[in-house]
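> Sequence:
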Amino acid sequence: MNYIPRKISPAIERGARYFPVVVITGPRQSGKSTLCKHLFADYAQYNLEDLGLAENIGHDPKGFLSRCGDKVLIDEIQHVPELFSYIQLAVDENPDRRFILTGSSNFALMEKITQSLAGRAALFTLLPMALNELTQSYIDSPTSQLLYNGFYPSVVTDYRPADMFYPNYYSTYVERDLHSLKSISNLSQFQTFIRLVAARVGTEFNASQISVETGVTAPTIRAWMSILQASYIAFLLPPYYANINKRLTKTPKIYFYDTGLLTYLLGIEEPSQLNTHPLKGGVFENLAIIELYKQRLNEGKLPNICYYRENSGRETDIMQVFGETLNIYEVKASQTWNKSFIRNLIYLKELFGTKIKESAVIYDGETLPPHTINIRQLTKYF
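Under numbering that gives the first Met the number 0, the letters of the sequence shown match residues 0 to 381, in that order.
Just so you know, these hints were derived from the structure itself, not from any lab. Beta carbons are placed, not taken as given, at the ideal position from N, Cα and C, and that holds for glycine. Misleading hints may appear alongside valid ones.
[Said to hold, decoys possible] DSS-like, lysine-lysine: derived pairs with alpha carbons at most 30 Å apart: (1) Lys36 <-> Lys348; (2) Lys300 <-> Lys338; (3) Lys300 <-> Lys6; (4) Lys348 <-> Lys249.
[Stated by the list, open to error] Label pairs and their in silico Cβ distance ranges: (5) Ser225 <-> Ala43: 53 to 61 Å; (6) Leu50 <-> Pro160: 27 to 35 Å; (7) Asp162 <-> Glu212: 24 to 32 Å.
Build the full structure now, drawing on both the sequences and the hints.
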């Protein structure tokens, strides 16, 4: 693999200076192990995807920690959850010990961290690669190719064809990991569910509607959506709340952590199919939103974006909240500028006044009027 430095590295290194434990979560194959091996090359390394090793450690976690040294990197620690409480004891007894822990299941990790490592661990999330981490040649790919390929390191740096990577990723990791959860008793219904969710990218999450189409209850749909979120497959973007919330929608929107996996779930088999696909705008919008997510997470900060929608239907795609101030963005997949793109931005600037600090249209065109950003330059704009 050709290693590309990740933007999150300085935040992780800073966390390691001030906390005895650093926990890095994120989707499988997002580059957590590779990143840690570069940042912490002098640490003893253990990968608990090795089931034999995981079983041995699980039988005697205390003994393992007494032998493994003072600087330890443990990959996929959710396979041996018993380790968390013993790591707590280890760092309490010896504050100079250092642990780097990675995991792909946010369910298992966060429960154990809050129970055992509260106040002792710095938490980070590594998503697939961001636009500002890629080579210029990759960024300059046609937009349909960029969306179709996605941003997993195996596609970006190992040059694995997207049409081979994503089907295998889905069957190897998604189906295997999620099917092991007790709340998913019928894999066929869950497969229908996840594709229905993909078909609703950029729209409001309605559990009752999906319930009718899958034949499972609305509470089950909500539980399954939580699983997609905890497994870093999809997430719900919250709506903006304010004192005028009586006229605001309260339903979150659906987005995915990677456009390559999203296009696979939509049944898109080659990039050219995106050009005329009815959901191209939603996939393009997904890219803009996840790039802003990555930017914040790579700085070691929580995402601060939501969307704005009134019950009347008036909306703006992205609202970025900084305390009492707001940045607002419209996202358009078009390559041709149209002055109608700024209509909702003008409305919100009149509504919120001086609270709006930045407003812009994120789109796919090369012509850049004032307050317009080409999506490939999105993170360079800030």
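> Which earlier hints can't be squared with this structure?
1, 2 and 5
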